[in-house]
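Those letters in the sequence shown? Residues 114 to 494, by the working numbering.
Honestly, the hints are just simulated from the structure, not real lab data. A couple of the hints might just be wrong.
Here are the simulated DSS-like pairs of lysine-lysine, each with C-alpha atoms no more than 30 Å apart in a straight line [to be verified]: (1) 467 / 429; (2) 408 / 397; (3) 259 / 249; (4) 259 / 458; (5) 340 / 408; (6) 408 / 392; (7) 249 / 260; (8) 388 / 260; (9) 397 / 351; (10) 388 / 458; (11) 166 / 185; (12) 392 / 467; (13) 429 / 259; (14) 254 / 429; (15) 408 / 458; (16) 397 / 337; (17) 337 / 460; (18) 429 / 397; (19) 397 / 467; (20) 240 / 254; (21) 340 / 397; (22) 388 / 460; (23) 458 / 260; (24) 429 / 460; (25) 429 / 408; (26) 425 / 397; (27) 429 / 260; (28) 351 / 399; (29) 198 / 181.
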Amino acid sequence: KSVSIVNLQKIEIPYNSAVISVDYAAIEFSFQEQISYAYFLEGWDRNWNYVNKLNTAYYSRLNEGEYKLHIKSTDSEGEWSNNEKIILIKILPPWYRTWWAYGIYLILFSAAYYLFQTYRNRQRNLKHEVEITNLKMEREKDLNEKKLNFFTNISHELRTPLTLIVNPIKDILNGKESGQEKNDLNVVYRNSRRLLSLVDQLLLFRKTESENDALNIVKINLFKFAKEIFLCFGYLAKNNNIDYTFECDNEELNIYGDRDKLEIVFFNLLSNALKFTPKGGFVKFKIISNQSGVKIEVSDNGPGIPEGIGEKLFDKFYKVMSKESLKMGFGIGLYLVKNFVALHKGKIYFQSEKGAGTSFFIELPVGEAVGVADAGGIENE
114 KSVSIVNLQK IEIPYNSAVI SVDYAAIEFS FQEQISYAYF LEGWDRNWNY
164 VNKLNTAYYS RLNEGEYKLH IKSTDSEGEW SNNEKIILIK ILPPWYRTWW
214 AYGIYLILFS AAYYLFQTYR NRQRNLKHEV EITNLKMERE KDLNEKKLNF
264 FTNISHELRT PLTLIVNPIK DILNGKESGQ EKNDLNVVYR NSRRLLSLVD
314 QLLLFRKTES ENDALNIVKI NLFKFAKEIF LCFGYLAKNN NIDYTFECDN
364 EELNIYGDRD KLEIVFFNLL SNALKFTPKG GFVKFKIISN QSGVKIEVSD
414 NGPGIPEGIG EKLFDKFYKV MSKESLKMGF GIGLYLVKNF VALHKGKIYF
464 QSEKGAGTSF FIELPVGEAV GVADAGGIEN E
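Taking the hints into account, I'd like the entire structure generated from these sequences.
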């Protein structure tokens, strides 16, 4: 495209047309043969281009940007005049290097980054959900396995009272004297009641998962109540030659509590103690009263509880893994014990030494206020 530059101060040229050819001539037309020319493109040339009488400036492959084309000539006597012509030349950038192109690039990059981050977050969340699902599945599998063990091992737990029933009956059938028959029948009666209590314990186990498990508060003579449970195991202790003792410093000691739940507490502790006590050992059931309440102790000289167990011993379905684990029952006994003691506003803890035995301690209040908020009222035993 040809353009007159006589009155032109600035020209803009597209990048794909950045080939410039500028023709120029001095005003002194009568002496053209004696006039020389020179030009200089500021921003591109390093020095002036002296071209004698050539009156064309040619440039190609110019980069985008702004340039100044300087053109000067001599007079007829060969002296360089001050009539320099300056033209501003702007080479426009290609479309892909324009400001709006960079804006589009920014938008596209931002969109791509956003999509990438969204995808990565989605993948991370999906991975996290998968991990949570797998963890839940593992926990559910473990819980199901524990529940299976629960129902498998319950037969072992029920075997103890059944044995205590069967053996006295066998002795009666073998023709024992009448006095001994009466004692044996008492053992049968007590353990028949305990067998029924074990079934009730299975029902109570489900109830302990609810915060609304209320206490049926009654007034209990703790001496008579504890002694009755103690005697349930007399036959078993005698057959295993275990020194089985009961102590209570106050035969008129009364407390307020739920009879069924406290029976489960005492029976579990005594049952566990007898399970782990070797023949010729001892089991002690001791009750001490004071002004603030009562302290109940069940001690034995069995193998003891391994170090590091701590409060896990009272977790639901928890079983100590040891060579004696076959005797451990189904893992809810001590869980129920702790829950029922807590319902009575009491506390339970233990002391154990490996190879020397274990002692469980329960501290209970004796006042009428215990559990009243969780119960429908107070009845006499």
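Let me make sure I understand: some of the numbered hints might not hold for this structure. Which ones are they, in numerical order?
Hints that this structure does not satisfy do not exist here, as all of them hold.
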